[in-house]
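Colleague: Respectively, the protein sequence lines represent chains D and S. So the first sequence is residues 1 to 82, counted in my numbering. So the second sequence is residues 1 to 869, counted in my numbering.
Calculated directly from the structure, the hints in this document are not laboratory data. Each hint should be verified, as a subset may be incorrect.
Unchecked claim - If you anchor each label on the Cβ, the simulated ranges turn out as follows: (1) S:L488 - D:G51: 30 to 40 angstroms; (2) S:E122 - D:W8: 46 to 56 angstroms; (3) S:E122 - D:A26: 53 to 63 angstroms; (4) D:V74 - S:S410: 28 to 38 angstroms; (5) D:G51 - S:R416: 23 to 33 angstroms; (6) D:D30 - S:T738: 22 to 32 angstroms; (7) D:G21 - S:E628: 49 to 59 angstroms; (8) D:W8 - S:T559: 42 to 52 angstroms; (9) S:R751 - D:C9: 46 to 56 angstroms; (10) S:S410 - D:G21: 43 to 53 angstroms.
As the list claims (entries may be wrong) - Computed list of chain S residues with no C-beta within reach of chain D, every gap over 10 angstroms: (11) G337; (12) E495; (13) L574; (14) D575; (15) A697; (16) T754; (17) R760; (18) P766.
Since the model is a prediction, treat every value here as computed from it, not as a measurement. All C-beta atoms, glycine included, are put in the ideal place defined by N, C-alpha and C.
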Amino acid sequence: MMLITCPWCGPRNETEFHYGGEAGVAYPTDPAALSDEEWGRFLFVRANPKGVLHERWSHSAGCRRWFSLHRDTVTHEVGPAR
Amino acid sequence: MSQPFRHADGGLVDRTRPLTFRFGDRTMTGYAGDTLASALLANGVHGVASSVNLGRPRGIVAAGVEEPSAVVQIEAPFPEPMLTATTVELHDGLVAHPLRGQGWLAPDPDPARYDAVWAHCEVLVVGAGPAGIAAAADAAAATGDRVILVDERPPRTSKLPAGVRLLTRTTVVGYYDDNFLVAVQRRTNHLGSAAPLEQARERLWRIRAGRVVLATGAHEQLIPFPDNDRPGIMLAGAALVYLRDYGVLVGRRALVYTTNDSAYAVADELRGAGVDVVVADTRADAPSADLPGARLTAVLGDRRAFGVRVADRQLDVDVVLVSGGFSPVLHLYSQAGGRLRYDDGLGALLPDGCRQRVEVFGSAAGVGLPRCGPPPMPEPSDADGWTFVDLQRDVTIAEVRRATGAGLRSVEHVKRYTTAGTAHDQGKTSGLLTSATVAAALGSSAAEVGVTTFRPPYVPVSFATLAGRDRADLFDPARLTPMHDWHLARGATFENVGQWKRAWYYPRDGEDMAATVARECRAARTGVAMMDASTLGKIDVQGPDAGEFLDRLYTNVMTTLAIGAVRYGVMCRLDGMVFDDGTVARLAADRFLVTTTTGNAAAVLDWMEEWLQTEWPNLGVWCTSVTEQWATVALVGPGARAVLARVAPDLAVDVESFPFMRWREATVAGLPARVFRISFSGELAYEVNVATWHGYALWQALTTAGAEAGITPYGTETMHVLRAEKGYPIVGQDTDGTVTPDDLGLGWALRKSTKDFVGRRSLSRPDTARSDRKQLVGLLPEDPALLLVEGAHIVEHTPLGPPPVPYLGHVTSSYPSAALGQTFALALVASGRQRIGERLYATTMDGKLAPVQVTSHVLYDPEGARRDG
Numbered sequence: 001m002m003l004i005t006c007p008w009c010g011p012r013n014e015t016e017f018h019y020g021g022e023a024g025v026a027y028p029t030d031p032a033a034l035s036d037e038e039w040g041r042f043l044f045v046r047a048n049p050k051g052v053l054h055e056r057w058s059h060s061a062g063c064r065r066w067f068s069l070h071r072d073t074v075t076h077e078v079g080p081a082r
Numbered sequence: 001m002s003q004p005f006r007h008a009d010g011g012l013v014d015r016t017r018p019l020t021f022r023f024g025d026r027t028m029t030g031y032a033g034d035t036l037a038s039a040l041l042a043n044g045v046h047g048v049a050s051s052v053n054l055g056r057p058r059g060i061v062a063a064g065v066e067e068p069s070a071v072v073q074i075e076a077p078f079p080e081p082m083l084t085a086t087t088v089e090l091h092d093g094l095v096a097h098p099l100r101g102q103g104w105l106a107p108d109p110d111p112a113r114y115d116a117v118w119a120h121c122e123v124l125v126v127g128a129g130p131a132g133i134a135a136a137a138d139a140a141a142a143t144g145d146r147v148i149l150v151d152e153r154p155p156r157t158s159k160l161p162a163g164v165r166l167l168t169r170t171t172v173v174g175y176y177d178d179n180f181l182v183a184v185q186r187r188t189n190h191l192g193s194a195a196p197l198e199q200a201r202e203r204l205w206r207i208r209a210g211r212v213v214l215a216t217g218a219h220e221q222l223i224p225f226p227d228n229d230r231p232g233i234m235l236a237g238a239a240l241v242y243l244r245d246y247g248v249l250v251g252r253r254a255l256v257y258t259t260n261d262s263a264y265a266v267a268d269e270l271r272g273a274g275v276d277v278v279v280a281d282t283r284a285d286a287p288s289a290d291l292p293g294a295r296l297t298a299v300l301g302d303r304r305a306f307g308v309r310v311a312d313r314q315l316d317v318d319v320v321l322v323s324g325g326f327s328p329v330l331h332l333y334s335q336a337g338g339r340l341r342y343d344d345g346l347g348a349l350l351p352d353g354c355r356q357r358v359e360v361f362g363s364a365a366g367v368g369l370p371r372c373g374p375p376p377m378p379e380p381s382d383a384d385g386w387t388f389v390d391l392q393r394d395v396t397i398a399e400v401r402r403a404t405g406a407g408l409r410s411v412e413h414v415k416r417y418t419t420a421g422t423a424h425d426q427g428k429t430s431g432l433l434t435s436a437t438v439a440a441a442l443g444s445s446a447a448e449v450g451v452t453t454f455r456p457p458y459v460p461v462s463f464a465t466l467a468g469r470d471r472a473d474l475f476d477p478a479r480l481t482p483m484h485d486w487h488l489a490r491g492a493t494f495e496n497v498g499q500w501k502r503a504w505y506y507p508r509d510g511e512d513m514a515a516t517v518a519r520e521c522r523a524a525r526t527g528v529a530m531m532d533a534s535t536l537g538k539i540d541v542q543g544p545d546a547g548e549f550l551d552r553l554y555t556n557v558m559t560t561l562a563i564g565a566v567r568y569g570v571m572c573r574l575d576g577m578v579f580d581d582g583t584v585a586r587l588a589a590d591r592f593l594v595t596t597t598t599g600n601a602a603a604v605l606d607w608m609e610e611w612l613q614t615e616w617p618n619l620g621v622w623c624t625s626v627t628e629q630w631a632t633v634a635l636v637g638p639g640a641r642a643v644l645a646r647v648a649p650d651l652a653v654d655v656e657s658f659p660f661m662r663w664r665e666a667t668v669a670g671l672p673a674r675v676f677r678i679s680f681s682g683e684l685a686y687e688v689n690v691a692t693w694h695g696y697a698l699w700q701a702l703t704t705a706g707a708e709a710g711i712t713p714y715g716t717e718t719m720h721v722l723r724a725e726k727g728y729p730i731v732g733q734d735t736d737g738t739v740t741p742d743d744l745g746l747g748w749a750l751r752k753s754t755k756d757f758v759g760r761r762s763l764s765r766p767d768t769a770r771s772d773r774k775q776l777v778g779l780l781p782e783d784p785a786l787l788l789v790e791g792a793h794i795v796e797h798t799p800l801g802p803p804p805v806p807y808l809g810h811v812t813s814s815y816p817s818a819a820l821g822q823t824f825a826l827a828l829v830a831s832g833r834q835r836i837g838e839r840l841y842a843t844t845m846d847g848k849l850a851p852v853q854v855t856s857h858v859l860y861d862p863e864g865a866r867r868d869g
């Protein structure tokens with residue numbers, strides 16, 4: 001079980017958190033201006049590296065705050081957002 | 001003679017405390033401190049099981065958890081299938097049976113308790129042998145850190161270093177990320193029927209350690225030769241353990257058959273104890289061996305004493321002690337992500353680095369292990385079919401060769417093809433042998449072939465231990481409304497909605513569910529009825545930007561909502577699919593009360609928080625769950641107004657003063673209340689909200705006030721029928737994450753202005769804009785008594801025609817209806833709204849096709865004439 005450091009609460013067990021997928025995928029300023037393809041890419045296409053991924057997590061069973069971190073998808077090593 | 005193979009002295013058993021036990025049909029004695037295996041061996045019993053596939057007799061091979069073969073069924077004090085005799089501590093009155101094939105589970109509930117604890121330490125040491133004790137002592141002395149030392153065996157008298165917490169009878173079974181380890185402690189199993197029930201039988205330890213030291217030792221390996229599975233053939237090191245720890249001789253005439261130097265010490269010590277020993281060594285260069293360069297080629301006879309053919313002569317023995325080298329116990333190291341490397345000198349895998357903070361000490365790191373080559377591989381022959389690699393899985397060399405012959409190259413594939421290494425012991429004494437066999441068959445080397453991945457658990461763990469106290473009532477919290485006791489007293493049946501217990505229906509004497517629901521529906525449509533709606537999710541949304549925030553999440557506009565007004569709202573996911581629905585009431589300019597479906601309340605709050613925190617942190621909005629702060633009673637039916645007027649004399653209840661989709665603050669039954677004129681049935685209805693601690697009082701007051709009018713409590717089943725007759729969808733029942741608002745007939749709730757809302761862009765994608773999407777419609781079976789099953793498929797033609805049969809959709813809700821005088825259903829049907837008036841067919845449980853008429857999803861009171869009473 002990973003030990004994840006919540007920026008507000010400190011290191012806690014993985015079971016206190018919810019995963020939120022890749023970080024840094026902003027909601028488009030004007031969705032109506034996007035083509036179907038652009039919108040589809042925003043909706044469905046995410047990085048899926050074998051290696052380090054910048055991810056969103058929510059401390060759902062703790063302070064309920066969202067934050068981001070870097071995680072290696074191979075080793076599960078977790079580090080703070082860079 | 002009792003215990004003929006027990007020495008007069010020696011060992012750690014207590015000869016002043018004899019214990020009586022039964023194995024099969026024999027009653028025997030052993031001593032306190034024995035395992036079942038050592039007590040059986042003291043009585044001269046080797047054969048304790050028969051193999052799972054081939055039914056071959058099997059004996060005791062090892063002296064610990066690595067035992068591949070001696071699997072027994074415990075009968076008393078509590079039945080347990082498939083335990084290794086080498087790990088069952090003997091107690092008085094133990095009853096066990098040889099296991100033939102599979103074991104059996106107890107038919108009675110387990111009376112024992114199980115629990116779990118957390119522990120945190122700077123250093124966790126696994127294994128209390130010399131290396132482990134030294135590591136623990138170092139750690140404790142150096143820093144005063146918290147040190148936990150775990151050992152799978154019963155406590156020994158050896159002196160413990162100060163400041164070390166020792167957990168005995170505890171096996172670490174899993175090593176996970178960030179030095180999180182799980183161990184199982186057997187606390188009362190060894191006490192048998194004397195085990196106190198109030199003590200947890202087994203305890204699961206969840207340990208987070210700063211640093212881990214693995215001093216887990218090494219497992220001796222088997223050697224392949226024909227009939228190497230028969231009782232009386234065991235590991236050389238195990239014979240030494242039985243002599244040293246239990247004062248038991250495993251036999252009187254032994255052949256030691258070895259590939260390495262370690263077995264010579266065993267031979268010497270056994271000779272000292274009076275055993276006739278002949279040492280056969282597979283190495284030609286073995287000057288101390290009686291038979292150097294020897295091969296064991298046959299086992300003769302099937303009695304307790306038997307013959308072996310070795311180095312072209314025949315010996316009469318009663319035990320063969322084998323040593324095929326040692327495999328360091330690196331299961332946990334490997335689980336932790338540690339790499340392994342093959343050491344040619346030791347003929348074994350050694351630790352080769354791990355990203356986690358873990359060190360390996362003692363023989364687990366190869367320290368003190370004998371040099372050892374690969375096991376002698378017999379030339380291919382018929383005897384391959386009874387030369388065993390994995391005893392528990394009955395896997396022979398012939399089978400491994402069949403696997404490689406079929407083209408399998410990876411040891412992982414061979415494992416899956418042959419099942420070698422997949423039994424309770426995970427091949428602890430045969431892993432290297434399996435690799436060597438694969439390597440020999442492929443003309444490769446054990447270093448190249450490697451071993452299969454080690455996976456938790458290291459030893460079998462019972463489900464009861466993993467469940468701990470999370471069973472029965474403690475499995476999941478039950479959420480009860482303040483009126484729960486009333487429902488109980490009234491004989492309601494309940495259904496689970498998430499964690500909530502909701503009153504399902506209230507049968508009267510002799511009434512079945514159908515009759516009950518018909519009566520409850522009639523009361524709501526023609527008289528007055530009431531329902532406990534307290535479980536509805538409620539979220540208080542406050543702040544200067546609250547209206548703007550709701551505009552962005554709901555498909556319709558909330559900023560224009562007047563204070564005192566209520567609006568139905570739908571929320572979509574980003575993909576445009578319906579996520580939740582409910583009502584939004586404006587309490588003040590900067591304050592809204594949002595209701596959600598019962599099952600989705602937490603998810604909606606999470607959704608709101610996610611948007612506020614991650615996308616719109618600039619919005620001044622705060623969301624608070626108030627689900628449990630308010631009790632809600634729905635007062636429903638043409639008679640509702642009169643009942644409300646009686647309990648709320650100060651509230652103007654006439655249609656003009658209190659119209660549909662408005663809410664009022666009022667005093668109801670003397671209690672401060674919010675009353676909402678909303679309806680989930682199509683009838684005149686009020687939802688009265690009071691503080692939770694007033695919920696029971698409100699319920700009772702309404703019951704009393706409505707008694708004259710015959711007020712009828714109704715449950716969720718009636719609620720479902722009433723709402724379905726009106727075509728109101730239930731998110732999660734009539735939707736499944738592929739349904740847009742328009743699919744549900746809620747196109748009217750999509751705003752006309754161009755302002756964005758979450759999911760809006762998705763609704764104009766080509767797929768969501770298709771006209772042949774599945775749409776919510778009503779279905780009337782032509783047989784008015786036929787109740788369609790929810791999930792039934794809808795097709796266009798009968799007979800079906802050749803496959804693939806075009807599938808039009810499925811039934812999402814189906815009920816008998818008193819108001820319609822027949823059964824009806826809601827269904828998602830392709831181009832459903834264009835098909836209104838058509839005849840389609842629904843599949844039935846007996847494999848037939850039932851004709852149905854497609855109607856609007858609003859089947860009752862389509863003009864909405866009843867909502868004002």
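Colleague: Each hint should be assessed against the structure and marked as holding or not.
Modeller: Against the structure, the hints come out as follows:
Under the hint 30 to 40 angstroms, the C-beta atoms of L488 (chain S) and G51 (chain D), about 56 angstroms apart, miss the expected range. For the pair E122 (chain S) and W8 (chain D), the beta carbons lie near 25 angstroms from each other, so the given range of 46 to 56 angstroms is not met. Between E122 (chain S) and A26 (chain D) the CB atoms are about 42 angstroms apart, so this pair departs from the stated range of 53 to 63 angstroms. Here the CB-CB span from V74 (chain D) to S410 (chain S) is close to 20 angstroms, at odds with the stated 28 to 38 angstroms.
The hinted window of 23 to 33 angstroms between G51 (chain D) and R416 (chain S) holds, with their beta carbons roughly 28 angstroms apart. Separated by about 27 angstroms at the C-beta atoms, D30 (chain D) and T738 (chain S) satisfy the suggested range of 22 to 32 angstroms. In this structure, G21 (chain D) and E628 (chain S) break the distance hint of 49 to 59 angstroms, their C-beta atoms being roughly 31 angstroms apart. Checked against the given bound of 42 to 52 angstroms, the beta carbons of W8 (chain D) and T559 (chain S), roughly 32 angstroms apart, lie outside it.
The hinted window of 46 to 56 angstroms between R751 (chain S) and C9 (chain D) is violated, with their beta carbons roughly 39 angstroms apart. Against the hinted window of 43 to 53 angstroms, the Cβ-Cβ separation of S410 (chain S) and G21 (chain D) comes to about 33 angstroms, which falls outside the hint. Residue placement check: G337 (chain S) does not keep its beta carbon more than 10 angstroms from all beta carbons of chain D (closest about 7 angstroms). Against the 10 angstroms criterion, E495 (chain S) stays outside the reach of chain D, whose nearest CB is about 27 angstroms from its own CB.
Taking the minimum C-beta to C-beta distance to chain D, about 6 angstroms, the non-interface status of L574 (chain S) is violated against the 10 angstroms cut. Chain D draws D575 (chain S) into its interface by the beta-carbon criterion, the shortest separation being 6 angstroms against a cut-off of 10 angstroms. Remark: the non-interface label on A697 (chain S) is consistent with the geometry, its nearest Cβ contact in chain D lying 33 angstroms away (cut-off 10 angstroms). In this structure T754 (chain S) is not separated from chain D by more than 10 angstroms, as the shortest Cβ-Cβ distance comes to only about 7 angstroms.
Under the 10 angstroms C-beta cut-off, the non-interface status given to R760 (chain S) relative to chain D is violated; the minimum distance is some 7 angstroms. At the 10 angstroms boundary, the C-beta of P766 (chain S) falls inside the reach of chain D, the nearest C-beta of that chain being 7 angstroms off.
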